[in-house]
Structure formats: structure tokens, C-alpha cells
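J.: Chain order of the listed sequences is A and B. Numbering-wise, the working numbering puts 108 at position 108 of the first sequence, and it's gapless, one number per residue. In the working numbering, each residue's number is its place in the second sequence (first place is 1) plus 449.
One should not assume that every hint holds.
Label-pair ranges, simulated between beta-carbon atoms [to be verified]:
| no. | chain 1 | residue 1 | chain 2 | residue 2 | range |
| --- | --- | --- | --- | --- | --- |
| 1 | B | A822 | A | P135 | 56 to 64 Å |
| 2 | A | T59 | B | R814 | 17 to 25 Å |
| 3 | A | L130 | B | D511 | 27 to 35 Å |
| 4 | A | G411 | B | R814 | 38 to 46 Å |
| 5 | A | P135 | B | E818 | 39 to 47 Å |
| 6 | A | A332 | B | G789 | 41 to 49 Å |
| 7 | A | H319 | B | P877 | 47 to 55 Å |
| 8 | A | A326 | B | P866 | 26 to 34 Å |
Derived by calculation from the structure, the hints in this document are not laboratory data. Where is the CB? At the ideal position from N, CA and C, for every residue including glycine.
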Amino acid sequence: MSIHSPHLPVSPEGRLEERFEEKNPPYDDAEAIAEANRCLYCVDAPCIKACPTAIDIPTFIRKIATGNVKGAARTILSQNLLGKSCGQVCPVEVLCAGACVYNDWEREPIRIGRLQRYAVETAIAKDPALYQAKPQTGKRVALIGAGPASIAAAGWLALEGHEAVIYERKELPGGLNTLGIAPYKMKVEDSIAEISWVLSLGNIELFPGVEVVDEVSGQGQISTQELLEKYDAVFLGLGLGADSKLNVPGENGEGVVGATHLIERLKADPSLRLDGVKRAIIVGGGNTAIDIAHELSLLGIDATMVYRGPAADMSAYEHEMLHGRADGVKVATDRVPVAVVRDEKERVCGLRVARAENKRPVPGTEEELPADLIVLAVGQNRATAIARAFPGIELDGRGRVVVDAKTGRTGNPRVWSGGDCVNGGKEVVNAVAEARVAAQSIHAFLAGA
Amino acid sequence: MADLSIDFAGIKSPNPFWLASAPPTNTGDQVMRAFDAGWGGAVWKTLGNPIVNVSSRFGGIDYGNTRMMGLNNIELITDRPLEVNLREIREVKRRYPSHTVIASLMVDTKEEWKEIIERAEEAGADGHELNFGCPHGMCERGMGSAVSAEPKVLMELASWAVEFATKPVIVKLSPNVGDIVEPGEAVLASGAHGISLINTIKSIMGVDLDRMVPMPRVGNASTNGGYCGPAVKPIALHLLSQLSRHPQVGRLPISGIGGISNWRDAAEFIALGSTSVQVCTAVMHYGYRIVEDMIEGLSDFLDERGMKSVNELRGRAVPQYKEWGELDLSFRVVADVDPGKCIGCQLCYVACMDGAHQCIHLPGRSEAEARAAGHTHIPKVIPDRAVIAKGGAPGARVPFVDEDECIGCNLCQLVCPVAGCITMKEIPSGKPSETWNDRAQRGDDFVPGGLRVTEAARKARGERA
């Protein structure tokens, strides 16, 4: 077996994310065993049903309790190759731990996420060769985008003996896991370490800095046509695109920034400094909004979320809002942004908002909220345009790639897809679950072809 | 408030809680601190010819998150000079005249027994406990549990002690015997005044799988130790009941030992015939302070039951111990799951399915699904509503019991993590009370379908087929 796992770049020092402390530090052996022993080992357990990748949670926890950590890791990874990062970033409060029967008994649910991270990290640290890839089949699969969906799919395909080649537009692989997860949950190195392990599972190549285009016009590009010619199958793990805008006066220019773009710089750009920023307004009420608000607050910046509806309508998880508020995040609801206010030097000095009723501005109720930085967390554009370049692929009205839910197969019989570009933007664990379905279908296709 | 004081073969004690002979009674300082904490008595760490101990010497067994469910040790009798121990006993009795101090003794020859008994009495001990129990180290030297296993030797040694002593003699028995009644009767025949039991059980606590050495490890080897702690309580209670039910032996006062950790354990030992109880592992785990709860708990328990003294509790449960043949075959209970308390873990379901009688079912399943899951009999009545676990966890997760099939084995109740969720409901069987002995007497003590040979033999004897 040949391993083409590339040398992945080490992130430079001085990044703002380094200042964040880990919210859930790794368990040591004794802590993990103590927590694992609390698990009741339910039958047909609700936590399994609540996990999008359907990990047999009670079984892996029992294995931790008996000291069979390697077996625990196998139980997790067989369902979810990114089990380590999912243990760190999954909203367990609304998934597995939220379904734990202990909730019905007024007891603290089992810390499933931390146990999962412990099992995978500990087992891989001791012996990374948990799996042996099957003999080479000679089949080749191209994967577009190096986010969680493509990474997981590539891992499973490689274990089946297929060659997996990943093309990523950015220099760092990992997508949301590397560049979008709040640093107090997971840092860049954590994500890169996990990706390196997946890439080592079999014959996987990664080409960073390569853009897939309709027609090649320069260096660092490859055409969809070429992919279809050179590979037996293609997987689209495109993720989401740039941050959406508000379309209000004053929005363009310095001082107004997209949320995911800012998070990415916070995590990976050592040149980013927020020294002059005292007050930030984050527009939006979702999980990206609370994430960046929370992060800015932890950096000592006065952070206020502005949302156009009532608090009950905010789509951010309750536990995230609770933690954010505890760390100083303020929330202004029923406010619609009307304009970004700039001073005579064109620097941002505030956001003009109107009171809202039914999310619509009420005339004559405008006020100005002072701010030096406006962060827009009002959604992301689709990055699915390139999908149209494959004959047969359709996008739905909201720009999502249309697939058969049972196989992940698109309208093009040699192209599969999964993750945010299909589901419109969900958790990492959903992307992995969809990647697994697609990888199984691709494997079946390659084995029969 | 109930009177907790006891009279053990003439030895007075302010309460029934004694420290067993072990590390917690190693020195006078320790015993005095224990008395300050509330202990009524102490059996001094066994006196004899001082020995040299090994390191390490304790092994613990954990279960789940419970540390030291069981403990074992390969420690021997005192390693301190006899003179020092006796001087400290004298000091303790001088300062605490109304507390009980028993000298635990273990020596070899008749002369040694004579000397050590006289010196213990001279130091002021209220009584002697002959240590015929330790299952390690001393038995190779012809002492300890080797004596309990030989009733004749036991009787001879104990009768020497009775001859030399002016204070009561208590004989501490080993559980490592085939039938505890034999050493019990030997104690009676020796003229000794009381019995204490159990001493520790021969055990190996585990194996160090890295070194392939049993535990506790002494260099590169180990040996069997004596097992004690909460895990041994059921064994101790059984052996205690064997002696306390004995028409003659049962008249001797018995000091109960074995996994007693709290007032409830103590009450159970006393109800099965103990006059005093001895505690060790729980003190080694948590310290002397646990006695406060033991005193308060036992006292409140007696008050609530309208009992004026510990003596009133003593032996109350003994008459209810029967042989199997005396149990009522018609008595019937069935399991009852409280949907309001159920948290939906379904451990009762899997336990009954794989480990018992397959009479717990999940609602919402068709007969075909139930058969596919392994059920061989389908209940007559299947609840047609989806039962919801407490807290509203969606889905039909609260199992139900097929009462017609339930044999009342208790397993589901034992595995249920929520106390009080599964109860065993007494239901009338419609049959008159009847024991196996009754049936044997009538000759219908068998169920058709057994061995033909047995049936033929019974017919030949003129018994009813």
C-alpha cells in the first residue's frame, strides 16, 4: 500500500485563536473510565437514534469502561471517520446527550462527546494503524473540496482500496472543521491532525490550492471535464460560499466583515489584529452569529448581537446562547439594520437600526448603536455554481445540489455529493453521515462497474 | 432514645459497635481516638510473637465507580513488641474504663497461651478473642484458619484459654471451612463464652496483567489473602445465621463481622443473631467518623420500631430463616413497571429476554416483530397506547410485563437503575399454601416428565405416582 499523504502545513504562531482556552479539555484515563461507568448501557438507546451517524454509543462507552479503548475507537470510527472532531464540535446537547435517559431522571446526561474524543484520540495516539486498507482496486475517485464530507468519503473509499484524490481551493484542508469551528471547541492543529490520520488510511492524495472550474484559464485550475475523463467517479463536497450581505447603505468598505471570513482569519491568519476594536455588532441570530460574538467577547471586545425578530425565533442553540451570554455577549432583538454609519474618515462608527414588528422595520423608530466593527452573520451564499458544469446535475430553488437521499447520487450517474452543498448547511456530523452514504454507494458502483 | 448498650457474655459495652482486630486497632492512640469518635469497643490488633510483614499487603476490588467493594490483605498479626501493646492497653483502659477492650490473641503452644492470657488480663483487657481465622501466613505456622478447620484442635486450644482466663473468652472463626457448625460446636464444647465471625475468606484479588503477578504484589510474587469488605457481607450473614439458628450454639453471644459499613448492615447482623458487631474495612476506607451515623441510624431505627434496646432487635429475623423445603410454593409475585418512573433504558427488557423468562415486552410491536426479536410467547393483552417515558422522551420505550408468564424472579427489579420503578406485586395464586416438604410427605413431590427410574422407585415404595 502506498501512502500519498502530503506534508500538511503547520499553522504559524501568533494567531488570535491561540488565546482561547479549550472548553472541554481531553479526559485522562481515570476521568474517562469514571464517566463511562456512569452509562447505563441502555438497550436500543435513544442516544444512538439521536446521532446522525448512528454510532453505537452505549457499546463504545462500555468498552471505555472495561479498558478496551481500541475497540471503543473502532466502534466509533466504523460509523464516523471524523469521530474525534465530532466529539469536540457536535452540539451534543441537542443530539446524543440531549437524548440520554438521564435527562428524564434529573441527572446530568453522559458526556458522550468528551468520551468519544477520548476514545479516538487515545486509541490513535497509541496505534494509528487501527485499520488496514483493502488491496488496490485501480479505481480512482476525485473529491472536490476538502471539507468534512470529502475527507470522510475519501477515507472510506481508500479503505476499500480505491484511490481518492482531493482538490481543495484553499491552502488548508478541512473546511469548516479547520477554519470555521469556534477555537474554544477545536483549533486548527486539532483538525489538521485528524485529517492527516484519515489521509494515512490508504491511497489518498490531496491537492491544495487547486480550483475546479468549468474552463481552465490559468495555473492552479482543473476542469470538470478533465475530472470526468480521468476518474471513475466524482464526489462534490463543495460546502458553502461567501457570507451574505445586508444590502444597506454604508455596508461596503473597511469595518464591515462577513462572519465566517472573520472566524477563518481568527483561526488561521497571524496578521489579523483587532486592537482598535472596542465594540462590535454582530448581525444575525444563528449559530455562526453567536459563535463569532462569543469569540469576540472572549477577546475582550464588547459584542452585541442584533437580530430582527424576537429571541424565541433565533436559530442559535440555547446552550450556545447561554454560554455566550455568560461570557459577556449582549443581545438586541427586534431590530432591523437600516444603514452602516461611518464618520468623516469613512471609519465605521455605528449601525443604524429600526425597531421591528414581525421582522419589518417600524418607521420613525430608528436609533444608532455605536460600533467599530460590524460582523454579518446572515447566511452564506451557495458555492454550487460549479456543480452545473457536470452534465445532469440539478440544483434546487435554494441552490442546493439535488441528490438521491439513499445513495447521495446526483443526476449524473458518476457524480455523488453530500454535506452543506446538499443539505444547505448543517452540522459536521451530518456531512459525515451523508459522506458515508455516498462512499458506500460509490464503492458499490465501482465494485460493479 | 433506645438503649444501645449491650452485655456480651458479661462484657459491658456502651454500644454494639466494636472495631475489629486489624490496622484500625493497631495502637493505643488510634483506639482512644476511635472511642472519642463514639466506638463502643475495640478488639486489639492480634497479639502474639511479633512478626515481620511484607509490602505491599492490601488488594482492592472495584466495581464500576465503586472503589474497594472488596478488600483483601496478607498482613499478619501485630509487628509491635508485646510490651508496648500491653502498656497501651493498660493506658486505654485507665482513660476509658467504660469502653470495651478485647485482646485478640494468637500463639502456638499451651505455655504461650497461658502467658499471653495472663498478661492481657493484667493489662486490663475485658476479654479475649482467640484468632482462629487468618487464612494467610499464620496457618502455615499451624495457627489462624488452620485451627478453625480442625474442630478437635480448636476445642483443645479454646479449652486451654478458658482454663487460663478469668475474663470471657470469644473464639473468632474462619469462614474457610466446609460446615461452620462443626467449629461452632467445638467452641460450645470448649466452654468458651462467645463466638465472633467471620474472619476473612481466602482470596486472590486480581492479576497484574502487565507483570503477570497476582495482587497484592510483593516483589515478583504474591499469595492468597483474606477477603473482606462490603462484598463478603452476604457470606457472613449466612454463616452467622447457621450458628444463631443452632439450638445450643445459638445461645452463645455472637459478634458479627463481615462487610458491616453502616447502621443498616449492623441492624441486619443483629436481627440475625449478633450481640455486637465488628467493623474494619469501612473504617479503613472512611475513618472512625462513620460510627456517628451508625449510632444515630440504629437508635432512630429502634425508636421507629418501638424497640427500647438493641437486645430487642437481636435475633428477630432468625425464626424466619427456613430450609428451602419449608417455603410456600403457592406464594406468587409478578413484576410491575411504573411508567411514571421509568426512564426508558430497557435494561429490564434485555435482562428478562436474555437472562430470565422472556416475559417483558416492548409496546408498539407486532406479533411478528416480537417473534423476530426472540419472544416465544406473545402476551394475551398488548397495551395499545404508546407508553411514554418520564420527561416525554418520544417513542414507546417503557416495557410492560406479561403477568401470565412472569415467574416473579426479581431480575428486572434488580437491574432497574431507578429505585422504586419496578416493584414485585403480590398476587393471589388461588392455591392453598403448600411446601415441598408437604408434597414430599404426600408423595407428590415431583412434576410429571421427570426420570422414569425415580417414578418407578416411588411406585415400588407404594407412593402415589
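J.: Hint by hint, note whether the structure agrees.
T.: Results of checking the hints against the structure:
no.	hint	result
1	B/A822 x A/P135: 56 to 64 Å	violated, 39 Å
2	A/T59 x B/R814: 17 to 25 Å	holds, 23 Å
3	A/L130 x B/D511: 27 to 35 Å	holds, 28 Å
4	A/G411 x B/R814: 38 to 46 Å	holds, 39 Å
5	A/P135 x B/E818: 39 to 47 Å	holds, 41 Å
6	A/A332 x B/G789: 41 to 49 Å	holds, 43 Å
7	A/H319 x B/P877: 47 to 55 Å	holds, 52 Å
8	A/A326 x B/P866: 26 to 34 Å	holds, 32 Å
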